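When you get a sec, could you build the whole thing from the sequences and use the hints?
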Amino acid sequence: MSVKIRLARGGSKKRPFYSIVVADSRAPRDGAFIQKVGTYNPMLPSDNPARVTLNEEAIKGWLSKGAQPTDRVAKFLGKANLIEAPAIVESPKKSAPKAKAQERAKLAAKAAAAE
1 MSVKIRLARG
11 GSKKRPFYSI
21 VVADSRAPRD
31 GAFIQKVGTY
41 NPMLPSDNPA
51 RVTLNEEAIK
61 GWLSKGAQPT
71 DRVAKFLGKA
81 NLIEAPAIVE
91 SPKKSAPKAK
101 AQERAKLAAK
111 AAAAE
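When the letters of the sequence shown are read in order and numbered with the working numbering, they come out as residues 1 to 115.
Keep in mind that the hints are not guaranteed to be accurate.
[Stated by the list, open to error] Restraint-style ranges between C-beta atoms, simulated for each label pair:
(1) 98 to 56: 44 to 50 Å
(2) 55 to 98: 35 to 41 Å
(3) 60 to 95: 36 to 42 Å
(4) 106 to 81: 42 to 48 Å
(5) 1 to 51: 17 to 23 Å
(6) 85 to 41: 42 to 48 Å
(7) 9 to 115: 40 to 46 Å
(8) 13 to 83: 28 to 34 Å
(9) 114 to 11: 15 to 21 Å
[As the list claims (entries may be wrong)] Once the Cα atoms are required to be at most 30 Å apart in a straight line, the calculated DSSO-like pairs of lysine-lysine come out as:
(10) 79 to 13
(11) 4 to 36
(12) 36 to 13
(13) 65 to 79
(14) 4 to 106
(15) 60 to 4
(16) 98 to 79
(17) 36 to 75
(18) 94 to 106
(19) 65 to 4
(20) 60 to 75
(21) 14 to 94
(22) 93 to 4
Everything labelled a hint here was simulated from the structure, so no lab data went into it.
Every value quoted in this text rests on a predicted model; they were computed, and no experiment measured them.
From the three backbone atoms N, C-alpha and C, an ideal C-beta is built for every residue, glycine too.
Rendered as structure tokens:
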């Protein structure tokens with residue numbers, strides 16, 4: 001059984017509130033979970049200490065048993081110094097300029113440098 005530490009959505013429409021839970025990876029997002037280990041309220045300002053609450057002892061116990069945090073939860077745990085902070089992934093490559101646009105940009109830069 002693969003165990004994940006992940007978010008389970010609560011709250012009403014357009015007012016999200018998330019519980020940080022330990023759950024079997026095969027369980028539905030808002031379905032059965034093993035233990036609730038924290039909360040996340042994205043409606044609060046980012047500097048508010050109540051935005052993310054964590055039960056650090058329980059999380060350390062589950063991490064020692066092999067539970068894997070999801071990307072968003074790993075960011076929370078990294079900020080709380082419970083695990084090593086994950087590397088920040090850059091923007092999607094799909095939106096980057098294509099080859100011809102990159103060539104035109106290089107030529108324009110060379111022309112501007114020559115002047």
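Violating hint indices (sorted, rising): As far as the earlier hints go, 2, 5, 6, 7, 9, 14 and 16 are violated by this structure, in ascending order.
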